[in-house]
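S.K.: Sequence:
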Amino acid sequence: MIVITRNGETTVLTGWREWLFKLVAFLAAILLFGVIAFVMFGLAVTIGAMALVVIPAAIIVGLLGMLFSRRV
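Following the working numbering, the numbering of the sequence shown begins with 514 at its first residue and continues without gaps.
Don't take each hint at face value.
DEER-style ranges, computed between Cβ atoms [stated by the list, open to error]:
hint : residue 1 : residue 2 : range
1    : Leu544    : Leu565    : 28 to 38 Å
2    : Ile568    : Leu526    : 53 to 63 Å
3    : Ile560    : Val537    : 32 to 42 Å
4    : Ala542    : Ser582    : 56 to 66 Å
Lysine to any residue pairs mimicking SDA-like chemistry, simulated, CA-CA at most 20 Å apart [claimed, not checked]:
hint : residue 1 : residue 2
5    : Lys535    : Phe546
6    : Lys535    : Val516
7    : Lys535    : Ile515
Derived by calculation from the structure, the hints in this document are not laboratory data. The beta-carbon is built from N, C-alpha and C at its ideal position, and this holds for glycine as well.
Please construct the entire structure, taking both the sequences and the accompanying hints into account.
M.R.: This is the structure:
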């Protein structure tokens with residue numbers, strides 16, 4: 514039984530309407546979790562790809578800077 518109170522008026526959901534409401538709420542929650550997981554996976558892949566490019570580039574720039582530095 515689902516009880517909803519709005520503006521002082523109480524509505525009670527029972528039977529097939531209750532099951533339908535629970536099903537819609539469950540599917541909405543699953544969809545929300547799926548979207549969040551998809552976004553987090555995309556962020557992880559993006560950060561990983563950037564790290565695979567930036568870290569070796571920083572090492573190469575550091576090595577070249579060390580080779581061509583003018584020490585007196």
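S.K.: Please go over all the hints and tell whether each is borne out by the structure.
M.R.: To see whether the hints hold, each was checked on the structure:
{"no.": "1", "hint": "Leu544 - Leu565: 28 to 38 Å", "result": "holds, 32 Å"}
{"no.": "2", "hint": "Ile568 - Leu526: 53 to 63 Å", "result": "holds, 56 Å"}
{"no.": "3", "hint": "Ile560 - Val537: 32 to 42 Å", "result": "holds, 35 Å"}
{"no.": "4", "hint": "Ala542 - Ser582: 56 to 66 Å", "result": "holds, 58 Å"}
{"no.": "5", "hint": "Lys535 - Phe546", "result": "holds, 16 Å"}
{"no.": "6", "hint": "Lys535 - Val516", "result": "holds, 13 Å"}
{"no.": "7", "hint": "Lys535 - Ile515", "result": "holds, 9 Å"}
Violated hints are absent here; each numbered hint is respected by the structure.
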